[in-house]
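Engineer: Sequence:
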Amino acid sequence: MKAGIIVFDPFLQAMKVFSASNVVGMTFNWGRKNILLLSIYSPPSEDISITLQQIEDCLTIPHDGVILAGDFNAKSPIWGAPKKMREAKTLRTSPEG
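Residue 51 in this note's numbering sits at position 51 of the sequence shown, with consecutive numbering throughout.
Hints in this document: simulated from the structure, not taken from any laboratory. Among the hints, erroneous ones may be present.
As the list claims (entries may be wrong) - Listed next, the in silico EDC-like pairs over lysine to aspartate or glutamate satisfying Cα-Cα at most 20 Å (straight line): (1) 16 / 64; (2) 33 / 64; (3) 2 / 64.
Stated by the list, open to error - Pairwise CB distance ranges (calculated): (4) 30 / 57: 28 to 38 Å; (5) 9 / 47: 14 to 24 Å; (6) 47 / 10: 36 to 46 Å; (7) 8 / 71: 14 to 24 Å; (8) 56 / 14: 29 to 39 Å; (9) 8 / 34: 30 to 40 Å; (10) 57 / 78: 34 to 44 Å; (11) 6 / 66: 31 to 41 Å; (12) 44 / 19: 19 to 29 Å; (13) 64 / 5: 16 to 26 Å.
Positions of the beta carbon are idealized from the N, C-alpha and C atoms, including for glycine.
Please model the complete structure; the sequences and the hints are all you need to start from.
Structural biologist: Printed below as a string of structure tokens:
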């Protein structure tokens with residue numbers, strides 16, 4: 001496992017709902033909304049499609065909103081990198097992107 005989530009607030013009722021090699025997902029209530037939080041790490045040595053499939057699998061969990069946080073290892077001038085990588089184009093054109 002390459003991603004993780006730590007909850008320090010003892011009053012936040014959080015539940016781990018998904019775990020894969022590159023993605024961990026948990027849900028928590030924010031007001032009346034059920035939020036799905038994903039922690040993501042896509043290793044530079046691995047095809048990004050593996051991580052995107054894991055995200056897609058996690059997004060099937062019922063939720064009212066999603067927060068994605070992590071490191072996709074996908075460089076692009078769009079977000080300030082000096083060069084572009086194939087992974088960045090894949091990430092931008094994926095159904096989740």
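Engineer: Next, verify each hint and record whether it holds.
Structural biologist: Going through the hints against the structure:
Distance restraint check for residue 16 and residue 64: the Cα-Cα separation of roughly 16 Å lies within the 20 Å cut-off, and the hinted pair is therefore satisfied. Only pairs whose Cα atoms come within 20 Å are accepted, and residue 33 paired with residue 64 is accepted, the gap being roughly 6 Å. The suggested pairing of residue 2 with residue 64 is violated, with an alpha-carbon distance near 26 Å, which exceeds 20 Å. Between residue 30 and residue 57 the beta carbon distance is about 23 Å. The supplied range of 28 to 38 Å is therefore violated.
Distance hint check for residue 9 and residue 47: the Cβ-Cβ separation is about 36 Å, which falls outside the suggested range of 14 to 24 Å. Checked against the given bound of 36 to 46 Å, the beta carbons of residue 47 and residue 10, roughly 39 Å apart, stay inside it. Roughly 21 Å separates the CB atoms of residue 8 and residue 71, a value that falls within the hinted 14 to 24 Å. Judged by the Cβ atoms, the range 29 to 39 Å given for residue 56 and residue 14 is violated: they are separated by roughly 22 Å.
Distance hint check: the CB atoms of residue 8 and residue 34 are about 20 Å apart, inconsistent with the given range 30 to 40 Å. Distance hint check for residue 57 and residue 78: the Cβ-Cβ separation is about 26 Å, which falls outside the suggested range of 34 to 44 Å. Our hint of 31 to 41 Å for residue 6 and residue 66 is violated, since their Cβ atoms are close to 19 Å apart. At about 22 Å, the CB distance of residue 44 to residue 19 agrees with the hint of 19 to 29 Å.
Judged by the Cβ atoms, the range 16 to 26 Å given for residue 64 and residue 5 holds: they are separated by roughly 18 Å.
Checked against the numbered hints above, the structure breaks hints 3, 4, 5, 8, 9, 10, 11 and satisfies the rest.
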